[in-house]
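Student: Sequence:
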Amino acid sequence: MKKVIAGLMMSATVLGLAITATSVNVHADTTDTTTAAGTTSDTKANLTVGAGTLTYTKPSDVDFTSTDVATVYAGNYGDTQTKKNDTTITDFLGDNLDWHLTANESGFGDSALDSDNASTLTVNDHTLIAGTPVTVASGNVGTSKSPTFATDLKYGLKIKANTLLKADSYTNTITWNLNNTPDDNADSSSIGE
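The sequence shown: position 155 = 160 (the numbering used here), numbered continuously.
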């Protein structure tokens, strides 16, 4: 009989350990959300901010000073026009990368003006090239601490001597592009059409 009781006690002990072990595992997997008085706890407050946009206002058309055929042929034609705050760039992308405003020209559509570099059109002292974007203004929100940039644009036109033009009106279209990486087109438009 002693052997049976000893066996039952042994079984109860093993069974008790198994129950205890199971109870410990259950408590270990349960998160206690109560905090005793006098202790501290942490709660996280999270905020997600998404990227906004990079935009600009379309620059205004520019009208160079009228001239005549003889003045152009003599090589005495050159004009500059400065437009204060002509475009406003707004950068809400939230990436603190540099933005770049580029421009390129279509040409005047007249062989006398477009061939042999007879005419030079500039923006902010940068010579525009047909079909090739040239950076004419740039900035960075992180540097300026403001998302808005009012930008002056200075236009220039020079025509070489011995350029014989017909009496007419000539238009060169400037295509603008705003981006914040060399290959990323965020916003673009043309003027002079």
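One thing to keep in mind: the hints can contain errors.
[As the list claims (entries may be wrong)] So the derived label-pair ranges between C-beta atoms look like this:
no., residue 1, residue 2, range
1, D100, T39, 21 to 31 Å
2, L52, T153, 44 to 54 Å
3, F97, V139, 44 to 54 Å
[Stated by the list, open to error] Computed cross-link-like contacts, DMTMM-like style, restricted to lysine to aspartate or glutamate with a CA-CA straight-line distance of at most 20 Å:
no., residue 1, residue 2
4, K159, D66
5, K89, D157
6, K171, D130
7, K89, D173
8, K163, D103
9, K63, D100
10, K165, D100
11, K165, D103
12, K159, D84
13, K163, D173
14, K171, D91
15, K163, D84
16, K89, D73
17, K159, D130
18, K88, D130
19, K163, D100
20, K165, D121
21, K150, D100
22, K63, D157
23, K89, D115
24, K163, D66
25, K150, D103
26, K171, D119
Read the hints as simulated data drawn from the structure, not as lab findings. Only a predicted model underlies this, so the values are computations on that prediction, with no experimental measurement involved. The C-beta atom is built at its ideal place from N, Cα and C for all residues, glycine as well.
Student: Next, verify each hint and record whether it holds.
Tutor: A quick look at each hint next to the structure:
no.: 1; hint: D100 with T39: 21 to 31 Å; result: 43 Å, violated
no.: 2; hint: L52 with T153: 44 to 54 Å; result: 23 Å, violated
no.: 3; hint: F97 with V139: 44 to 54 Å; result: 25 Å, violated
no.: 4; hint: K159 with D66; result: 12 Å, holds
no.: 5; hint: K89 with D157; result: 5 Å, holds
no.: 6; hint: K171 with D130; result: 27 Å, violated
no.: 7; hint: K89 with D173; result: 29 Å, violated
no.: 8; hint: K163 with D103; result: 31 Å, violated
no.: 9; hint: K63 with D100; result: 23 Å, violated
no.: 10; hint: K165 with D100; result: 44 Å, violated
no.: 11; hint: K165 with D103; result: 36 Å, violated
no.: 12; hint: K159 with D84; result: 11 Å, holds
no.: 13; hint: K163 with D173; result: 17 Å, holds
no.: 14; hint: K171 with D91; result: 31 Å, violated
no.: 15; hint: K163 with D84; result: 7 Å, holds
no.: 16; hint: K89 with D73; result: 28 Å, violated
no.: 17; hint: K159 with D130; result: 7 Å, holds
no.: 18; hint: K88 with D130; result: 13 Å, holds
no.: 19; hint: K163 with D100; result: 39 Å, violated
no.: 20; hint: K165 with D121; result: 10 Å, holds
no.: 21; hint: K150 with D100; result: 13 Å, holds
no.: 22; hint: K63 with D157; result: 12 Å, holds
no.: 23; hint: K89 with D115; result: 30 Å, violated
no.: 24; hint: K163 with D66; result: 18 Å, holds
no.: 25; hint: K150 with D103; result: 13 Å, holds
no.: 26; hint: K171 with D119; result: 14 Å, holds
Hints 1, 2, 3, 6, 7, 8, 9, 10, 11, 14, 16, 19, 23 from the list above are not met by this structure, while the remaining hints are.
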